[in-house]
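Chains as they are written, first to last, in the working numbering: chain A, 22 to 150; chain B, 83 to 538.
Hints may contain errors.
[As the list claims (entries may be wrong)] Beta-carbon label-pair distances, calculated as ranges:
1. B:208 with A:129: 41 to 47 Å
2. A:95 with B:203: 25 to 31 Å
3. A:129 with B:157: 23 to 29 Å
4. A:143 with B:174: 24 to 30 Å
5. A:107 with B:275: 21 to 27 Å
6. B:162 with A:107: 31 to 37 Å
7. A:107 with B:261: 48 to 54 Å
[Said to hold, decoys possible] Some residues of chain B that are not near chain A, with every Cβ distance over 12 Å (derived):
8. 166
9. 187
10. 197
11. 213
12. 232
[To be verified] Computed footprint of chain B on chain A; a stretch qualifies when at least three of its residues, placed anywhere within it, have a C-beta under 8 Å from a C-beta of chain B:
13. 80-89
14. 97-104
No lab work stands behind these hints, which were simulated from the structure alone.
Computed from a prediction, not measured in an experiment: that's the story for all the values here.
Where is the CB? At the ideal position from N, CA and C, for every residue including glycine.
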Amino acid sequence: MRSFGIALLLLWTTATAIALADCKVHRGDHVVLYSTADDPSVLIWDSRARLRAYHAASFDEAQAMLPHAILVAPGTRAIVISCVAGYIESPLVAAPDDAIGITISSGPQRGVTRWALGSDVRSAPPDHR
Amino acid sequence: MKNEPLANLTATLLLTAFLVVTLGFAIEGTFETRAQIASTFARQAQIQQAQLDLEELLRLQIDEENSLRGYVLTRDPFYVAQFRQAAAGYDAKEKTIQKILSEEHLSDPGQLLGAYGYLQSKWRDEVAHPLLRNPRRPLVEFDKRNKLFSDYETRTVASIRETLAGTDAGLARSTQIQLDRSSYMRAFWVLVFGLLAILFNAFRSRLNRELEHERTITEILQRAFRSESVPLPHCEVGSAYLSATSHLAVGGDVFDVFRLSANRALVLIADVSGKGVDAAVLTAFIKFMIRAIALRQSEPAAILSEFNSAFSKAVGNPYLFVSMFVGVLDTTTFRLEYGSAGHDCAYLRRRADVEQLAVTGPVLGVMEEPFYSKTIDLDPGDMLVLATDGLTEVRNRDGKPLLGGGAMQLIARGAAHAQQLADELAAQVRERGGSRVHDDLAILAIRMMDMESARA
Chain A
22 MRSFGIALLL LWTTATAIAL ADCKVHRGDH VVLYSTADDP SVLIWDSRAR LRAYHAASFD
82 EAQAMLPHAI LVAPGTRAIV ISCVAGYIES PLVAAPDDAI GITISSGPQR GVTRWALGSD
142 VRSAPPDHR
Chain B
83 MKNEPLANLT ATLLLTAFLV VTLGFAIEGT FETRAQIAST FARQAQIQQA QLDLEELLRL
143 QIDEENSLRG YVLTRDPFYV AQFRQAAAGY DAKEKTIQKI LSEEHLSDPG QLLGAYGYLQ
203 SKWRDEVAHP LLRNPRRPLV EFDKRNKLFS DYETRTVASI RETLAGTDAG LARSTQIQLD
263 RSSYMRAFWV LVFGLLAILF NAFRSRLNRE LEHERTITEI LQRAFRSESV PLPHCEVGSA
323 YLSATSHLAV GGDVFDVFRL SANRALVLIA DVSGKGVDAA VLTAFIKFMI RAIALRQSEP
383 AAILSEFNSA FSKAVGNPYL FVSMFVGVLD TTTFRLEYGS AGHDCAYLRR RADVEQLAVT
443 GPVLGVMEEP FYSKTIDLDP GDMLVLATDG LTEVRNRDGK PLLGGGAMQL IARGAAHAQQ
503 LADELAAQVR ERGGSRVHDD LAILAIRMMD MESARA
């Protein structure tokens, strides 16, 4: 039973290590939110599953999910609390993107914890930390 | 050996045909490749235009959004006008891109563009128009929905952009392949053409060497058998001989002046049909045979008759014949007895007048027909001018032959002395032919001198 527990722990550690290794940001990193879409605001979601569903959904389905999202202004700062590499897939985008768990550290939503798309998150320069 | 010229001609024609066909293929291939590349370039230009239009479409979409934001923030109607202008521009641009995609049969980007247009229209209905009607609506809701549209439109446009870039790259690759293929094909045809040209040149050189060799032999034979101007009592003798420029045209013209006795001389000029060594050898046969006959037979008609019989038996070639003028001239009385076997280039100049001496029988070697002789009494100062058809058939640059009339005019206004006249006629032929002599030419001129002048 003890061996099984150790094996599980090792498996979880390895999986987490692989997931973290592929992410461009890591737990504790200070980041800035900024979208590369025409509208640079960023939608952040209450769960990573919802984030993934939003990107895979049709327009009408995505519209129905909007109440679960908060729109934050571009330049909002946050701290990374987790990252799942390649979790987000979209039929219109070739490469999968990361799902990044963040806690907002500036603006009206300060202290809120949500999920953001990897390409909407950038490492903050030192003076932003 | 008889068929060698025909084989050479066939080989030359075949090689020429190969060269022409090769050149034709090379030219046709070049034009085909050019057309293919032009078509690919045109398609590429269309795709690139679609890419540019797509970026312009995005700009118009952002203009629409910004105009809407401007109106919501300021309530200035200027922004409404801006919004409508951008919306109209967006719709027109979308149609333009859709037309290009349809012409290029790009269905996937076409569908994506359709979806993009649908989103934009939905955005206008659900976001823009409600806000234009009531700009006091809460902006937070507007921003969220706007972000949703923006995300979808960005992704759709990215996908269209990617597809167009892929198509553009594919066309560029296709152009490169066509250019490579064209280069290889051109190199191949140049190689084939070059090899054929080398082969052709080698063959031609060999042929020229053979012809040159034959010409040399022919000329040596002609020189060996040609008579020099033999002095005759009371007469002035002049002669000229021109060999044809073309190797193939060197043939069998012969003239002879031979003293049969103290006051009788044999005068001969003949033209053998056919060219080359065979014809040149025949001239020797003719010259010495006529001399031999003339020593036995005194009448030109008898000489021609006997020669005709011997020639037909000896040669036995129905396609070979000879035109000949044989005269026996008494150098004391200036009585000329002659026979002309189909040889019409014989003239008599008396003072300013020139007359053509009549033909008295058919050409030799064709049929057993009787030959006749004619007698003319010449006077001192008269000039007998005998030539071969190289004189009458010489053509000017317009292709017009001199003919008998032209020859008689030249003789009439020619020099008084026999050798000078012969040289003048030869020079006229060379000049008229543009420095090229197309056929052999033999000229023999004999001027009767009065006794006083002859003694002087």
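Outcome of range test on Cβ distance (residue 95 of chain A, residue 203 of chain B; 25 to 31 Å): Given a distance of about 27 Å, which is inside 25 to 31 Å, the answer is holds.
Hint check for residue 157 of chain B and residue 129 of chain A - Cβ pair distance inside 23 to 29 Å: 25 Å, holds
Assertion that residue 197 of chain B lies outside the chain A interface [Cβ separation over 12 Å]: Answer for residue 197 of chain B: violated, closest chain A Cβ roughly 8 Å.
Verdict on chain B covering the region 97-104 of chain A, where coverage means 3 or more residues with a C-beta closer than 8 Å: Result for this restraint: violated, n = 0.
Check of the region 80-89 of chain A against chain B for coverage (Cβ-Cβ below 8 Å, three residues minimum): holds (count 4)
Distance restraint hint 31 to 37 Å, applied to the beta-carbon atoms of residue 162 of chain B and residue 107 of chain A: Given a distance of about 45 Å, which is not inside 31 to 37 Å, the answer is violated.
Interface-negative label, residue 166 of chain B against chain A, beta-carbon threshold 12 Å: 20 Å, holds
C-beta pair residue 107 of chain A, residue 275 of chain B: status relative to the range 21 to 27 Å that was hinted: 60 Å, violated
Supplied distance hint 24 to 30 Å, evaluated on CB atoms of residue 143 of chain A and residue 174 of chain B: 37 Å, violated
Chain A versus residue 187 of chain B - minimum CB to CB distance exceeding 12 Å, so not interface: 22 Å, holds
Verdict on residue 213 of chain B as a residue remote from chain A, using beta-carbon distances over 12 Å: 15 Å, holds
Residue 208 of chain B paired with residue 129 of chain A, Cβ distance criterion 41 to 47 Å: Once the Cβ atoms are compared, 25 Å apart, the range 41 to 47 Å for residue 129 of chain A and residue 208 of chain B is violated.
Figure legend: structure checked against the earlier numbered hints; hints not met, in rising order: 1, 4, 5, 6, 7, 10, 12 and 14.
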